[in-house]
Amino acid sequence: MNLAKVVGTVWATQKYQSLTGAKMQIIQPVDHNKEVTGSEIVAVDTVGAGPGEMVYFVTAKEAIIPYPINLTPIDASIVGIVDRIDIF
Amino acid sequence: MILAKVIGTVWATQKDDGLVGTKLQIVRPVELDYKEKTNFFVAVDAVGAGVGEIVLICQGSSARQTELTENKAIDATIMAIVDKLDVIE
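So the sequences go chain by chain: A and B.
For the first sequence, the residue numbers in the working numbering are 1 to 88.
For the second sequence, the residue numbers in the working numbering are 89 to 177.
None of these hints come from the bench; they were simulated from the model.
Please note: incorrect hints may appear among the correct ones.
Only some residues are given here: those of chain A computed to face chain B with a beta carbon under 10 Å [said to hold, decoys possible]:
#1 L3
#2 A12
#3 Y16
#4 S18
#5 P29
#6 V47
#7 G48
#8 P51
#9 T72
#10 D83
#11 I85
#12 I87
Even for Gly, the Cβ is constructed at its ideal location relative to N, Cα and C.
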């Protein structure tokens, strides 16, 4: 998993049928100091993250697991909203 | 998934049997302001996107998670046509 900041939302009416109702958020990968570590990607949000929030996300085929419909083309999913980060 | 623009189509008669009947679109990743990046690749179109449209692309083995691309030699699928982006910054 990686950390990211939610920076926007994608609206798409024409999409693969099992994605109907899926919330697709634009996320900016960051590190624990909120430094940008990669270009923005789009991830399906099943935990209800709001814009500007710090989240962590899963990529590759595992990204389909949180989604209710198995046969769905998803390669990134937000799986958690960060409350606090402790670095030792 | 990544945001990309459909910039063309690939026509190939001699190809893997699994690809018969699929539409092969040439796509170029774009920034959030739709500014085109420099690379491009080919993706199977599962939603009927036209050239010039901004789309969402799923890559890797997840790209095979559609009825059209299941169990085929495909690692990139166009699975949505973007209507609008809301970007905060």
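Verification of the hints:
1. L3: Since chain B brings no Cβ nearer than about 18 Å to L3 (chain A), farther than 10 Å, the hint is violated.
2. A12: holds, 4 Å
3. Y16: holds, 4 Å
4. S18: holds, 8 Å
5. P29: violated, 12 Å
6. V47: violated, 17 Å
7. G48: violated, 16 Å
8. P51: This interface hint holds because 5 Å falls under the 10 Å limit.
9. T72: With Cβ-Cβ at 6 Å, under 10 Å, it holds.
10. D83: With Cβ-Cβ at 20 Å, over 10 Å, it is violated.
11. I85: With a minimum Cβ separation of about 21 Å from chain B (threshold 10 Å), the hint on I85 (chain A) is violated.
12. I87: violated, 26 Å
In summary, the structure is inconsistent with hints 1, 5, 6, 7, 10, 11 and 12 from the numbered list given earlier, while agreeing with the others.
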